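We have chain C; now place chain Y onto it with these hints.
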Amino acid sequence: MSARILIVAEHDGTRLNPSTAKCVTCAAAIAGGEISVVVCAAQAGAVASQAAALQGVARVLALEHPANAHLLAAVLAPQIAALAAPFSHVLGPSTTFGKDLMPRVAALLDTAQISDIMAVESATRFRRPIYAANAIVTVEVDPADKVVGTVRTASFQSAATGGSARIEKPTVDAQIPAHTRFVSVSAAKSDRPDLQTAARVVSGGRALGSAEAFKTLYRLADKLGAAVGASRAAVDAGYAPNELQVGQTGKIIAPELYIAIGISGAIQHLTGIKDARTIVAINKDPEAPIFEVADIGLVGDLFQIVPEIEKLL
Amino acid sequence: MKRILVGIKRVVDYNVRIRVKPDGSGVATEGVKMSVNPFDEIALEEALRIKERGAAEEVVVASIGPTDCQQQLRTCLAMGADRALHVEAQGIIEPLVAARALLKLVEREQPFLVILGKQAIDDDNSQTGQMLAALWQRPQATFASKVELDGGTAGVQPPRARVTREVDAGLETLEVDLPAVITTDLRLNEPRYVKLPDIMKAKKKPLETLTLAALGVEQRQRLRLTRFEPPPQRQKGIKVQDAAELIGALKSKGVLQ
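Order-wise, the sequence lines are chains C and Y.
Under our numbering, think of the first position of the first sequence as 1, with each following residue one higher.
Under our numbering, think of the first position of the second sequence as 1, with each following residue one higher.
Worth double-checking, as some hints may not be accurate.
[To be verified] Heads up, simulated DSSO-like pairs for lysine-lysine below, C-alpha to C-alpha not over 27 Å straight-line: (1) C:Lys274 x Y:Lys251; (2) C:Lys311 x Y:Lys146; (3) Y:Lys203 x C:Lys215; (4) Y:Lys33 x Y:Lys146; (5) C:Lys223 x Y:Lys51; (6) C:Lys284 x Y:Lys251; (7) Y:Lys195 x C:Lys284; (8) Y:Lys253 x C:Lys223; (9) C:Lys284 x C:Lys311; (10) Y:Lys51 x Y:Lys236; (11) C:Lys274 x Y:Lys253; (12) C:Lys284 x Y:Lys239; (13) Y:Lys21 x C:Lys274; (14) Y:Lys253 x C:Lys284; (15) C:Lys274 x Y:Lys239; (16) Y:Lys251 x C:Lys223; (17) Y:Lys203 x C:Lys311; (18) Y:Lys251 x C:Lys215; (19) Y:Lys239 x C:Lys311; (20) Y:Lys104 x C:Lys146; (21) Y:Lys203 x C:Lys274.
[To be verified] Covered, in the sense of this in silico footprint (three residues per stretch, anywhere, with C-beta under 8 Å from a C-beta of chain Y), are these stretches of chain C: (22) 112-122; (23) 236-245.
Just so you know, these hints were derived from the structure itself, not from any lab.
Quantities reported herein were computed from a predicted structural model and do not represent experimental measurements.
Beta carbons are placed, not taken as given, at the ideal position from N, Cα and C, and that holds for glycine.
Looking at chain C on its own, in the form it has when it is part of the complex (with noise of 0.2 Å):
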């Protein structure tokens, strides 16, 4: 049997989400299968053509509803779980947006699901981290059982572009919850690339001291074009937003380069970062585990070392 495979697209209302064009990517790799797209929104169109613009999607179904006018899970699940019937496969991002919603889909759907998928061996085996990535386990579902799962994002390569895929406008029977409503979010605002597709990382860890400290990377980080990231211990110390938190319970990443400064490299940072190109760790403990995954390290003083570099770029 052929697989069909749905992917709930990830989008701030006018912007498709990186994310899913690695869903793509994923779902592609599962043989023979015709891959669909769904845009939740209350106007889908224009992330609808970016959805179709994916190369191997075969078509964009475009859920319109006032409700979906922000992408909460309580709303979302009912409708995915009522389109979800000739699908084989429903697969979401694992970013916070796909781990919230996707478990509502499938317990909705009474499946189990598959939880970081970060390689695809058939239609009905897959692999995926566990224990924060210090162990890899196959997992097999029943061919009979459909499969409900996340994309580990930084395991894939994005879908090229150039397609053009049909949209479809289809209506579903769901009972949509008034019991959840969105209240705010506050996104901090930046003209630096997201961190979590940047190809280019500068992180800091608990070894800046201070948010003054911190601020500094910034200015490297723009020298490079990259994006900013953090340590949970320089977050927790307060230094960096949540939301800059890289590891195992923050941004699980994959740049072409990352540089580590400051940070020591506890396990679940670690976890963040392995599937990156090239780790450069900058710390002043030679012992600091962060040089045992380091393809370069230099041991040294940040403060004098960070603004040398800075000198020569």
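Positioned in the frame of chain C, the structure of chain Y alone reads:
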């Protein structure tokens, strides 16, 4: 009674560096230190603080798993939970099974709030809270970093909670009608330390043992875990002496132009 139900999981302690068994059949957990899942400790702490503010009267803590789970439930009683429910079960308990068992406990205990950790640090699934909310047909507020309760107005509006969530973009605030499920993120609070006299007192607190079968929940395992492997190791890197050498190394690797 205004009651909060907190779900906890017994997991390999945060500080243990786990090893995959050489035959690939699983992860070696024999003899390693076990603890309450750290996110669940935060869930309990939040419930205790809500009770201490006078917004709840009882905190009930529940765990599903083997008999040894009772050690972690006793720790929770020592932290301040009023009573504990242990649902005895062996082997792998998938999140959907855990959610079904918790739903049965919810029907029995009628809590106005269920608080769980956002993920267990062993399987890293991050599913149970969302699944419980779906089966219960109630709101969910996952990855919470701030919880504010509003008692509502009798006959006018239901009690509600305003929950700040840690999302990729920053902080999102939701308003949910109660009862609801909340899952906790790290920054919600810092759990208290257990004091020795509290451990003694906890031995006298009620701990009830149930079974999945008695709750009418089938322990179905839908996912077969066929092989465990250690993660691929990164190649050992090089050390450079100064900033100039670092830039040179990056250029020779083609990372910088």
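Here is what the structure says about each hint:
{"no.": "1", "hint": "C:Lys274 x Y:Lys251", "in the structure": "21 Å, holds"}
{"no.": "2", "hint": "C:Lys311 x Y:Lys146", "in the structure": "42 Å, violated"}
{"no.": "3", "hint": "Y:Lys203 x C:Lys215", "in the structure": "50 Å, violated"}
{"no.": "4", "hint": "Y:Lys33 x Y:Lys146", "in the structure": "31 Å, violated"}
{"no.": "5", "hint": "C:Lys223 x Y:Lys51", "in the structure": "50 Å, violated"}
{"no.": "6", "hint": "C:Lys284 x Y:Lys251", "in the structure": "23 Å, holds"}
{"no.": "7", "hint": "Y:Lys195 x C:Lys284", "in the structure": "37 Å, violated"}
{"no.": "8", "hint": "Y:Lys253 x C:Lys223", "in the structure": "19 Å, holds"}
{"no.": "9", "hint": "C:Lys284 x C:Lys311", "in the structure": "20 Å, holds"}
{"no.": "10", "hint": "Y:Lys51 x Y:Lys236", "in the structure": "52 Å, violated"}
{"no.": "11", "hint": "C:Lys274 x Y:Lys253", "in the structure": "18 Å, holds"}
{"no.": "12", "hint": "C:Lys284 x Y:Lys239", "in the structure": "13 Å, holds"}
{"no.": "13", "hint": "Y:Lys21 x C:Lys274", "in the structure": "22 Å, holds"}
{"no.": "14", "hint": "Y:Lys253 x C:Lys284", "in the structure": "24 Å, holds"}
{"no.": "15", "hint": "C:Lys274 x Y:Lys239", "in the structure": "19 Å, holds"}
{"no.": "16", "hint": "Y:Lys251 x C:Lys223", "in the structure": "15 Å, holds"}
{"no.": "17", "hint": "Y:Lys203 x C:Lys311", "in the structure": "63 Å, violated"}
{"no.": "18", "hint": "Y:Lys251 x C:Lys215", "in the structure": "26 Å, holds"}
{"no.": "19", "hint": "Y:Lys239 x C:Lys311", "in the structure": "21 Å, holds"}
{"no.": "20", "hint": "Y:Lys104 x C:Lys146", "in the structure": "25 Å, holds"}
{"no.": "21", "hint": "Y:Lys203 x C:Lys274", "in the structure": "44 Å, violated"}
{"no.": "22", "hint": "112-122", "in the structure": "holds (count 5)"}
{"no.": "23", "hint": "236-245", "in the structure": "holds (count 4)"}
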